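Trainee: Just so you know, the sequences run in chain order A and B. With the first letter of the first sequence counted as 1, position 174 gets the number 173 in numbering that gives the first Met the number 0; the numbers rise by one all the way through. With the first letter of the second sequence counted as 1, position 64 gets the number 63 in numbering that gives the first Met the number 0; the numbers rise by one all the way through.
Hints were generated in silico from the structure; no laboratory data involved. Any given hint could be a false lead.
Unchecked claim - Here are the computed lysine-lysine pairs in the DSS-like style, where the Cα-Cα straight-line distance is at most 25 Å: (1) A:LYS153 / B:LYS123; (2) A:LYS121 / A:LYS69; (3) B:LYS312 / A:LYS98; (4) A:LYS188 / B:LYS312; (5) A:LYS103 / A:LYS40.
Said to hold, decoys possible - Simulated DEER-style distance windows between Cβ atoms: (6) B:ASP4 / A:ASP25: 47 to 57 Å; (7) A:LYS98 / B:LEU294: 40 to 50 Å; (8) A:SER274 / B:GLU120: 49 to 59 Å; (9) B:MET0 / A:PHE84: 48 to 58 Å; (10) B:PHE89 / A:GLU251: 19 to 29 Å; (11) B:ASP315 / A:MET261: 28 to 38 Å; (12) A:SER274 / B:GLY282: 51 to 61 Å; (13) B:PRO316 / A:LYS105: 17 to 27 Å; (14) A:GLU149 / B:PRO316: 17 to 27 Å; (15) B:THR53 / A:ILE152: 40 to 50 Å; (16) B:MET143 / A:ASP25: 54 to 64 Å; (17) A:LEU243 / B:ILE122: 20 to 30 Å; (18) A:ILE152 / B:LYS101: 34 to 44 Å; (19) A:GLU192 / B:MET143: 20 to 30 Å.
Small disclaimer: the values here were computed from a predicted structure and weren't measured. No residue lacks a Cβ here, since even glycine has one placed at the ideal position from N, Cα and C.
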Amino acid sequence: MSILDWFNKNKENETIKEDRLDIPGDLWLKCPKCKDTIYLKDLEDNNKVCQCNHHFRISPEDRIKMHFDKGSFKEIETTIEAVDFLKFEDTESYEIRLKKAKQKTKHADAILIGTAKLNHLKVNIGVMDFSFMGGSMGSVVGEKITRIIENAIKNKYPLIIFTSSGGARMQEGIMSLMQMAKTSAALQKLSEERIPYISVLCDPTTGGTSASFAMLGDVNIAEPGALISFAGPRVIEQTIRQKLPKGFQRSEFLLEKGMLDMVVNRNDMRSKLSSLIKLLNPHYEKVAK
Amino acid sequence: MKSLDFEKPLDDLNSKIDELKQLSEESNIDLAKDIAAIEKRALQMKQEIYNSLTPGQVIQIARHPNRPNTLSLSQMICEEFTELKGDRSFRDDPSIVGGIGKLGPYRVMIIGHQKGADTKEKIKRNFGMPHPEGYRKGLRLMKMAEKFKMPIITFIDTPGAYPGKEAEERGQAEAIARNLKEMIGIEVPILSVVIGEGGSGGALGIAVANRIMMLEYAVYSVISPEGCASILFRDASRAEYAAEKLKITAKDIVALGIADKILPEPLGGAHNEWSDVAETIKGALISEIDHYNALNADQIKEDRYKKFRSFGKFKDPALV
Chain A
0 MSILDWFNKN KENETIKEDR LDIPGDLWLK CPKCKDTIYL KDLEDNNKVC
50 QCNHHFRISP EDRIKMHFDK GSFKEIETTI EAVDFLKFED TESYEIRLKK
100 AKQKTKHADA ILIGTAKLNH LKVNIGVMDF SFMGGSMGSV VGEKITRIIE
150 NAIKNKYPLI IFTSSGGARM QEGIMSLMQM AKTSAALQKL SEERIPYISV
200 LCDPTTGGTS ASFAMLGDVN IAEPGALISF AGPRVIEQTI RQKLPKGFQR
250 SEFLLEKGML DMVVNRNDMR SKLSSLIKLL NPHYEKVAK
Chain B
0 MKSLDFEKPL DDLNSKIDEL KQLSEESNID LAKDIAAIEK RALQMKQEIY
50 NSLTPGQVIQ IARHPNRPNT LSLSQMICEE FTELKGDRSF RDDPSIVGGI
100 GKLGPYRVMI IGHQKGADTK EKIKRNFGMP HPEGYRKGLR LMKMAEKFKM
150 PIITFIDTPG AYPGKEAEER GQAEAIARNL KEMIGIEVPI LSVVIGEGGS
200 GGALGIAVAN RIMMLEYAVY SVISPEGCAS ILFRDASRAE YAAEKLKITA
250 KDIVALGIAD KILPEPLGGA HNEWSDVAET IKGALISEID HYNALNADQI
300 KEDRYKKFRS FGKFKDPALV
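All chains should be modelled from the sequences, with the hints used to inform the complete structure.
Mentor: So, in structure tokens, the structure goes:
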């Protein structure tokens with residue numbers, strides 16, 4: 000180890016110290032954007048949005064609780080599970096990574112799908128979970144998204160998908176790439192049936208996820224400050240050997256570039272979604288029944 | 000021509016053969032027998048090398064600068080091939096080319112990546128890494144083909160869609176996503192041939208096809224082995240290992256049920272001998288078009304949809 004490494008190491012320790020105050024019980028949190036110290040309970044009461052408008056990443060359960068009518072979510076297709084068909088191994092085998100992710104998140108994979116009610120309107124929803132292997136899309140995520148789309152074609156309720164994903168799941172090789180085409184293909188069928196699809200892009204939505212179903216909403220909404228990109232900022236900086244400007248590939252930037260219809264604060268999401276669904280849906284009578 | 004590092008022993012042998020030939024000419028000694036023996040040995044060696052290629056070596060062949068490319072192949076397999084340019088909203092992207100021509104008895108639309116062979120052309124064509132306007136040009140040409148009832152052929156050969164600042168600003172993700180969705184609804188048959196590198200979403204963006212064929216030494220992957228190694232191992236030198244794990248060779252992609260067919264290349268790879276490969280591709284395409292000619296628009300769309308709907312490997316006890 001050179002002396003320089005040692006210096007770096009010390010620096011790393013320092014940042015960790017800065018991130019979390021030394022108070023037992025994790026009652027306080029530091030906002031990575033405004034650097035203010037926030038009382039955790041206050042943050043939770045505000046749907047995990049800081050006063051500076053920084054949107055913290057949240058679990059699918061929290062999201063469903065925030066945006067949909069109490070107790071209305073019915074999860075479907077709960078039995079599908081990933082398999083390590085390539086026997087993929089990097090620093091750890093895919094099989095073990097899956098096991099750990101399942102233990103950590105208590106979910107079978109990186110998305111929950113089902114039906115729910117939003118201000119009494121029936122909807123089909125998919126909610127991705129970034130904490131499950133970076134929300135990566137393998138065969139299970141691709142299949143579940145396809146099935147919730149097919150569910151929408153059957154029941155005619157609108158579809159809302161909340162994305163949060165680093166892209167395709169490398170551990171499934173070419174099969175994960177093909178999920179991009181599979182989900183987009185199903186969305187084409189949904190379009191033909193004239194059923195509205197609202198894509199809500201949350202932090203982060205990149206790679207194979209942004210280059211497929213996430214960008215294909217009839218209406219594309221993003222939460223404020225979300226990273227949304229095809230190639231990640233690090234890859235681009237390596238390619239062009241230049242620092243990227245502040246705010247590049249964030250929601251507000253994509254809105255300006257014409258890739259999104261709107262950026263909506265998490266606290267206003269429910270009313271915005273229900274209004275859009277009412278306005279767009281040709282099957283509205285059926286949904287409202 | 001650039002020879003590949005694993006062909007080095009073969010090169011040494013070949014240069015020996017040349018030396019001997021020269022020697023026999025200059026000194027008037029008959030070395031025909033020895034030369035024939037070494038030539039036989041060289042052929043054997045070539046067969047051995049090419050029968051036991053590692054995935055890492057296959058990638059080198061797939062990336063060879065002299066591999067047949069979209070424009071040359073289009074000229075070789077078509078009569079009256081005419082290039083068409085531009086996305087009609089921003090510019091013409093030279094990384095994706097397209098045009099119309101006559102393939103045997105059929106009028107066809109051809110769209111494909113173009114990497115460029117020499118340095119100047121490589122730069123012009125951005126090493127075959129398209130910007131969003133490339134995908135939008137591709138889609139414009141596909142819609143035109145649909146309108147005039149021409150089968151669509153796409154040639155796949157890209158390291159990936161360009162990860163650059165302007166590409167992001169103009170909506171790289173949206174451009175690829177749109178193609179994936181729109182291609183499923185196209186009413187004419189789409190046939191894709193991976194002729195070199197099938198690099199991730201940048202390849203898939205013009206490869207949502209009824210039939211996917213791969214040249215013998217072509218590769219198709221969700222991420223480049225170098226990229227995979229640097230993300231998972233934080234070490235790009237583990238690329239050889241990643242290439243093995245990712246299963247990217249034509250044989251693997253067929254075994255996984257993604258590609259339908261392997262088109263054989265001559266011994267030593269397509270970069271040595273273009274005309275045989277062009278004939279093979281032409282024959283395969285014509286017989287596929289013969290097949291799809293008998294189907295109507297709905298059947299063609301359903302055929303493509305079913306193919307992509309079936310992709311995925313998972314456990315689902317509810318299906319049993």
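Trainee: With reference to the structure, classify each hint as holding or not holding.
Mentor: Hint-by-hint comparison with the structure:
1. A:LYS153 / B:LYS123: Since the Cα atoms of LYS153 (chain A) and LYS123 (chain B) sit roughly 49 Å apart, the hinted pair is violated (cutoff 25 Å).
2. A:LYS121 / A:LYS69: holds, 13 Å
3. B:LYS312 / A:LYS98: OK: LYS312 (chain B) and LYS98 (chain A) at ~17 Å, within 25 Å.
4. A:LYS188 / B:LYS312: With a Cα-Cα distance of about 22 Å, the restraint between LYS188 (chain A) and LYS312 (chain B) holds, given a limit of 25 Å.
5. A:LYS103 / A:LYS40: holds, 23 Å
6. B:ASP4 / A:ASP25: 47 to 57 Å: holds, 54 Å
7. A:LYS98 / B:LEU294: 40 to 50 Å: holds, 45 Å
8. A:SER274 / B:GLU120: 49 to 59 Å: Once the Cβ atoms are compared, 53 Å apart, the range 49 to 59 Å for GLU120 (chain B) and SER274 (chain A) holds.
9. B:MET0 / A:PHE84: 48 to 58 Å: violated, 39 Å
10. B:PHE89 / A:GLU251: 19 to 29 Å: Given a distance of about 22 Å, which is inside 19 to 29 Å, the answer is holds.
11. B:ASP315 / A:MET261: 28 to 38 Å: holds, 37 Å
12. A:SER274 / B:GLY282: 51 to 61 Å: Between SER274 (chain A) and GLY282 (chain B), where Cβ atoms are some 57 Å apart, the hint holds.
13. B:PRO316 / A:LYS105: 17 to 27 Å: The hint (17 to 27 Å, Cβ to Cβ) holds, given that PRO316 (chain B) and LYS105 (chain A) are roughly 19 Å apart.
14. A:GLU149 / B:PRO316: 17 to 27 Å: The hint (17 to 27 Å, Cβ to Cβ) holds, given that GLU149 (chain A) and PRO316 (chain B) are roughly 19 Å apart.
15. B:THR53 / A:ILE152: 40 to 50 Å: holds, 45 Å
16. B:MET143 / A:ASP25: 54 to 64 Å: Between MET143 (chain B) and ASP25 (chain A), where Cβ atoms are some 59 Å apart, the hint holds.
17. A:LEU243 / B:ILE122: 20 to 30 Å: For ILE122 (chain B) against LEU243 (chain A), whose Cβ atoms are near 23 Å apart, the range 20 to 30 Å holds.
18. A:ILE152 / B:LYS101: 34 to 44 Å: holds, 40 Å
19. A:GLU192 / B:MET143: 20 to 30 Å: Distance hint for GLU192 (chain A), MET143 (chain B) holds at roughly 26 Å.
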